[in-house]
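Keeping their order, the protein sequence lines are chains H and S.
Residue numbering for the first sequence follows this note's numbering, beginning at 1 and increasing consecutively.
Residue numbering for the second sequence follows this note's numbering, beginning at 1001 and increasing consecutively.
Incorrect hints may have been included.
Here are the simulated DSBU-like pairs of lysine-lysine, each with C-alpha atoms no more than 30 Å apart in a straight line [said to hold, decoys possible]:
#1 S/Lys1085 to H/Lys359
#2 H/Lys355 to H/Lys38
#3 H/Lys372 to H/Lys355
#4 S/Lys1085 to H/Lys355
#5 H/Lys359 to H/Lys372
#6 H/Lys355 to H/Lys68
#7 S/Lys1085 to H/Lys38
To be clear, the hints were calculated from the coordinates, so they are not data collected in a lab.
Please read all numbers here as calculations on a predicted model, not as lab measurements.
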Amino acid sequence: MSQYINPSDLTTILPAIVLTVWACALLVADLFIPHERKGWTAVLAALGLVVSLDITLIQAGGTSTGFKGMVTLDGFSTFLNALLLVSGLFGVALAYGYVRRMGLERGEYYTLLLFSVVGMMLMVQASDLIVVFIALELLSIPLYVLAALNVRQIESEEAGLKYFLLGSFSTGFLVYGIALIFGATGSTSYSGIVTAASAGTSSLLLTIGAALLLVGFGFKVAAVPFHMWTPDVYQGAPTSVTAFMSSGAKIAGFAALLRVFALAFPTLTADLTPILAALAALTMIGGNLIAVSQTNIKRLLAYSSIAHAGYILMAFVPYGNPQVMPVSVAAGLFYLVAYAVTNFGAWGVVIALEKQGGKGLEISDYAGLFWKNRPLALAMTVFMLSLIGFPPTIGMVGKFYLFRAVIDGGFVWLAIVGVVTSLISAYYYLRVVVNMFMQEGEPQTGSEFWVNFTWGLTALMTIIISFVPQPLFAWASSAVLRLF
Amino acid sequence: MVDISYYILLSAVLFTIGAVGVLVRRNPLIIFMSVELMLNAANLAFVSFASMHGSLDGQIFVFFVMTVAAAEVAVGLALIVQIFKSRHSINVDEMNSLKG
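Work out the full structure, taking the sequences as your base and the hints as a guide.
This is the structure in structure tokens:
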């Protein structure tokens, strides 16, 4: 094409490019869709996600770098991009009926969602801190808007503002961290950083930069002590948005965190491993303990999502140990899938019970659900068991792989913290189940096809994958092997 | 020629002022200005380091940071205006409808 851009640069991020163009076209097409037919925008958005997913899967197995090594296409990015695109599809499916019922049906919803997915995909593929920064903002800014989308509801506005202020605060840390890393190494690309760091130049500056970077990512994935915004934002935002961002933003944040740490900071393991381990332990303990006292299902799931950030973070603790690293990261990827599937299902059930004006969101509103709507109550039971890590669910298999990897890495105490906090979590997850089966109540459930489809499909996946986890784990392992 | 470490020191001071401002101020506009101060502190660090290393990467990064900050302002001010319309106040202490 020219000396600046090769065709191979473009094919490296082709799924993201296609989705960007599609989202821009959708913004224009949406103008011509009459207000009572906004469902078509959702269908078109889903189609764009499917096209991008197709391209991602066609590219599977290929490896290349583009734009002078700023973005990478490899097994790791294929695996996570596929997961992100499927998350986007679930996000659209959950929003389809929900936004109409809540009176927020707008075409921009789906465009913003697509842009956010593009940001997440670029974050997975980034191999330069400049791309990480831009991708992070591309994923965050649409989410700020989506969180505040329900402008008639004061909670939604508040959630949007809190998310925005704390999100940009964390961006400040991230950017300053990148500045210090650039100062220490003279480069922002992972390969440049690792070359300079191995030569042993000014490692204190590099360590402080890496720590600030960790703070920035910690905010994004909602790790304790950077989690304060999570419950408020998850509760105030429209539930379909919460479902999407609790999975998508977490996947993207962890992917970028992993790539940065494994590829750019292998020389800093002595300093960073204890920090990561402490962060993982704090997040598991904090998230699970505060969740115990929650009565609102959205807040409960928000704290549950914080706690799960801790479990996933555990997989990255032994990142400096080359023997354990591949298995441990594969376990982390598997757990991300398990978390995303279970999470979308649980939020789907929440959406099925939610009423106008934020009603139907207390745990007591789930009383007697089993006697009103058996499939829904059974699905919710499956999700709760999976979040605890109880067989036969994907959450149990995920935790098994995770704890095994952490013990192999020599962090037995961390695995013990994980097991103990899982036991604590059983208390509040089972409270929901007990409410559904043993209390009297008259819960009203909606019956929107795509919401039912989402919780039905994810419930089936939660159980089926737990019986045949090997193919998925093998895919995750091969994705990690090609990372290095 | 001023030594490069002074610029870095200044940027660290600015960054700290910004971070403290976010934590202690109660008006979202001021909080937002403090965030901008943090980003600009990073910009200053980038430019100084770029001249120290003789590499243009840092200068390029500054352009990206400024562009993204502008995009953030657009979203953030829209949110603040919307909240002011519905509550006639933007004090963050009064934003307590979500807690637990």
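Do the hints match the structure? See the list:
| no. | hint | result |
| --- | --- | --- |
| 1 | S/Lys1085 to H/Lys359 | 24 Å, holds |
| 2 | H/Lys355 to H/Lys38 | 21 Å, holds |
| 3 | H/Lys372 to H/Lys355 | 16 Å, holds |
| 4 | S/Lys1085 to H/Lys355 | 25 Å, holds |
| 5 | H/Lys359 to H/Lys372 | 18 Å, holds |
| 6 | H/Lys355 to H/Lys68 | 51 Å, violated |
| 7 | S/Lys1085 to H/Lys38 | 27 Å, holds |
In summary, the structure is inconsistent with hint 6 from the numbered list given earlier, while agreeing with all the others.
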